[in-house]
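Participant: Listed below are the residues making up each chain.
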Amino acid sequence: MSAPLSTDIAVVAFVQTEHTAEAAGASEVELLAPVITEIKERTGLNRFGFTCSGSNDYLAGAPFSFVSALDTVGAWPPISESHVEMDAAWALYEAWVKLRHGEIDTALVYGFGKSSQGVLPEIMTQQLDPYYLAPLGVDQVSLAALQARAYLERSGAKEDDLRAVAARSRRAGRDNPFALHLPDPGDEGYDVAPLRPYDVAPITDGAAAVVLARGDRARELCERPAWIRGIDHRSEAHSPGVRDLSRSEAARLAGERAGAAGVEVAELHAQFSHEELILREALGLGEDVAVNPSGGPLSANPVMSAGLIRIGEAAARIHDGSAARTLGHATSGPCLQQNLVCVLSGDDHG
Amino acid sequence: MSEAPNHVLEFPGGYTRSVGPVIGRFLTELRDGRLVGVRTAGGRVLVPPTEYDPADGEPVTGEFVEVGPGGTVQTWSWVSRPRAVHPLDRPFAWALIRPDGADTALLHALDLGPFETGAAPPRFLKTGMRVRPKWRAERTGAIGDIECFRPEVTMINAPTRLEYRLQGGRALDRFLEGISQGRILGHRCEVCGQVIVPMKGLCPRDGVPTTEEVELPGTGTVTTFAVNNLPDPRAPEVPFVSAYILLDGAGLPMLALVAGIPADQVRMGMRVKAAWRPREEWVASMANIKWFEPLDEPDVPFEAIKDFV
Ligand SMILES: [Zn+2]
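Respectively, the protein sequence lines represent chains A and B. Sequence positions in the first sequence follow UniProt numbering and run 1 to 350. Sequence positions in the second sequence follow UniProt numbering and run 1 to 309.
It is worth saying that the hints were derived from the structure and are not from the lab. You may find that some hints are simply not true.
Cut-off 20 Å, straight-line C-alpha distance, at most; resulting in silico cross-link-like pairs (EDC-like, lysine to aspartate or glutamate) [said to hold, decoys possible]:
#, chain 1, residue 1, chain 2, residue 2
1, B, LYS126, A, ASP244
2, B, LYS126, A, GLU159
3, B, LYS273, B, ASP296
4, B, LYS126, A, GLU153
5, B, LYS200, B, GLU163
Selected chain B positions facing chain A (Cβ under 7 Å, derived; list incomplete) [said to hold, decoys possible]:
#, residue
6, HIS7
7, LEU9
8, ILE23
9, THR72
10, TRP76
11, SER80
12, LEU106
13, LEU107
14, LEU125
15, THR127
Since the model is a prediction, treat every value here as computed from it, not as a measurement. Ideal Cβ placement from N, Cα and C applies to all residues, glycine included.
In isolation and in its complexed conformation, chain B is listed as follows (with noise of 0.2 Å):
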């Protein structure tokens, strides 16, 4: 039925309908914010309350019992398109919930928060999850009194903000002097000849203090490397790929990001070029370099970086 409707059934206001004592206690109770079962001869509790017991027709007892409001989600389906009529107009799940302390489930809606339509539902839904109900503010005595379900909270985001003053030493000052010149700057030891980049001040494998300083091209080789799915301030988008990268004429490989080609096509032996800020957002720091750029030139192969590795 794509077109317009020639033809609408409406039923202005309503049917009214009463509701008897039971489902009556049932409605009043929830209009007080409160879920209450019925308990049937055989000592069953029925949420929502029937006038009779569904296992054998028999009328329920007079006694009414507060349950939940906590409940366990019993079977469950989602809706990724909802329609005009549902009770929320982003994706969500139908519920039947089986309050704590009822032996009957309540047919609900379950909001797990937003999401675009046509989403596939979340993999934290589940048969066994634990909800609430959502009371509304004003409350006519009507099952849509509980706006919704939602889940029970069993996790927290607990933030952690802490600030310093770091020193980074000599070494590291002098490393990022050269950085905001647009040089890359490293130490070559005295003992062994490797060229150290960013340099610490001294030779990590001949323990020697180190002064002599080197200037390095900004062209290397992709020695290893990861790629990230969790997204990071630092990087362009979501995969990125963080690698290991031996400058040219270096005897140690630097961290730093890659980035202008997918993170699928990253390769160890790769030849990458640094890729610089606009000198005028240059300042005293890496982030000058905003990440390594493949080069146009044929991979190292692996016998000539594998001691890097």
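Just chain A, with the same shape it has in the complex (with noise of 0.2 Å):
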């Protein structure tokens, strides 16, 4: 429980977007212009040390999509910038490295996509092997319920707990401004067996952004900064076949280092609501830990912004003082193959 030194680093501030669920005519452009100027104007900052974003070609079916996007952060004189194909809390944990540097004390992050321009469980087909996954025709939605079926039998938990989770995700979610208004599960039939349509984050449109800074400068930006006391990221192998899909081993060893026990808030990265209850238990969160109070990708998922607004949301609970130490998810990958654990926590708590 040590005071933060002047080389840690903070999430100082965290906008989104009110996601919707299909696009109401705005480019990608357009729906981070509004995120990026008002996390301007919330910071007081026109020009970051760093710039990093997460996004994904094949969403918009265009190549260096990214590329256009900086318009809006305002590219010229030349900035420092980098890119990542991936969410962009992948983006975030590029800048914390490049903060922990030491040259530089701001960087914003930001991530954005449009799945409802595609078929998204069809485009997440293309980030398989080209070998012997792609060639199938697996979509994500059968991947995750190949993973949902090893779990439900592995723990002997039921569908109706899977139900359960959907329920409170989407409860929780109606009380959040941000995220699609979705009504209680119904009698639905699979979607595919044992996932029905509401175990499956529904397609999302949004963008995010985040400003991180070191010592002084994140305390001269915000009031209560969100401590970043520790970051892991842990891939497991990319084949579905040679890991045990009931568990999530990578999670548990994120979890670990980046320091998860003791958490009061976790914003899990859960798109399917099996992922929910395998990611609780890698990261050994127990009852009395709120999970995703902001109602999860379950009630929004704005694909390649999602990981990050999970450190967001569980930044932004810091901020206003209703936790004092939260845990932030992000995944990758088929199959939770890639996890990504950000624990953060105010001033008074290490």
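Could you use the hints to bring the two separately framed chains together as a complex?
Facilitator: See the structure below:
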């Protein structure tokens, strides 16, 4: 429980769009611009030591689609900039590493995506290996359902337990002005068994941005900075056939290294209801931990920013003083293959 | 995305990729109709093979091992509405399948036979199920050389057909002669007085021969019944009801179908009448009576039929 050092890094601002299920006519850039404008106003910063973004060309169906998004940031005179073809939570990790080097003291991180423009489960097939998986045409929901089956059979959990996760997430989401407001799960048939439509995150368009700052700079920019106490990401083998799909060893390790024990709030990047149960177990989250009070991805899943939003939401609980120690989680790859865990706390809680 | 796309992203011909010696060996063997895995330094067999051991990242050995082709389902998901990109156009399962002799699993489609779109997963689909690949006739060296997997054979349907020329006996012949004329005939027992229908030529109660013919009406009472859920060529539809019916004036109930009423509304004591086929279709067979139908009369109290149940 030590006081933050001048080299410690904090989330000092977080902004997201009011997410929508269908494109309201705005382009990616138009989606992102108000978010960048607002976070500049909020921090009073116009220039950042480093800028890093997360997005995916297959969502837009256009190569280098992240380049045009740079117009919203203002890249002249030239800025120090980078991009990850992943969820922007990994862009945040890159920015954190850059800040740790000590040459800069602020960084802007953002992510954006419009999954309503294509067929998301099939777009995600493009992330699979081109020899054994992608040629089969296996889609994201089918893969997730394999993991759900493995988890249900190993743990003894029932499909009703999945439904309870979806119901709780949707209830919470209706209290979140940025999430989609979805009804309680109805009597729906299977999407891909054992998953039903409400067990699958909704198609969502949206964007989000976070500003990181170091040491005293963080205190100047934010009354209650959310200090990053630990951040770690781990990856498992790509092939689902060599893993125990019923568990997330990568999340367990990342949680252990980042210091997941003792958090009050956890924002989990669970895009399918069984993933929340697997992650709770892997991260050792007890019944006393508030999981996804924002509604989580089951209430709004703007692809490529949903993971960053988890860290942003976890930070927002520190900013508003409602929690002392929180956790943001992001995932990438098929069946929770890669997991990033970021543990945050206020000044008084190391 | 309901309306037609206005932008299509396509890679004509796809990407050209080198597969290397490990994946290349697997794909080459696949083209020859064989499944092989590669052995790791620790002795595990990886299927499909990778160049490294997923456990520690160490390079695999050069030893390839033929595995399967039989394998075991490790986990599965059920696609009741296949997408256009899926390998099968009817409901199927995705499965992680561990071939015999392998330590890891291969993802593929599992074809369990014809199902209607939207069908729920069949009950026989289970983790642990034994499956085999169905090879494509024309193979190119790709994962799709296996068209799909199918369950191993665990059951057969052994058809049986025997032919007989039965003799019904004199009493039954006489009964069927009555039926062919639209009449239901019985024998009255000289000892106990009960009417036996269909007649057997003797009274089962007294063991004496019977000869006195009595014609009975086509009306009667259900004494007991069964709801059948397996299809039967004689029944109109499933579920159907077979019942013991005590014809008015008879001393023994006879077995017949009951129809014209939902199966769950048939009850003991219900009044019924014979539904005859059209006269021009009559032959010397009980089939002349299609079934018994409800009669618009109050039910008979249980007391009155309790001896016939
Ligand atoms: Zn008698």
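Participant: Provide an ascending list of the numbers of those earlier hints which the structure does not satisfy.
Facilitator: Failing hints, ascending: 5, 9, 14.
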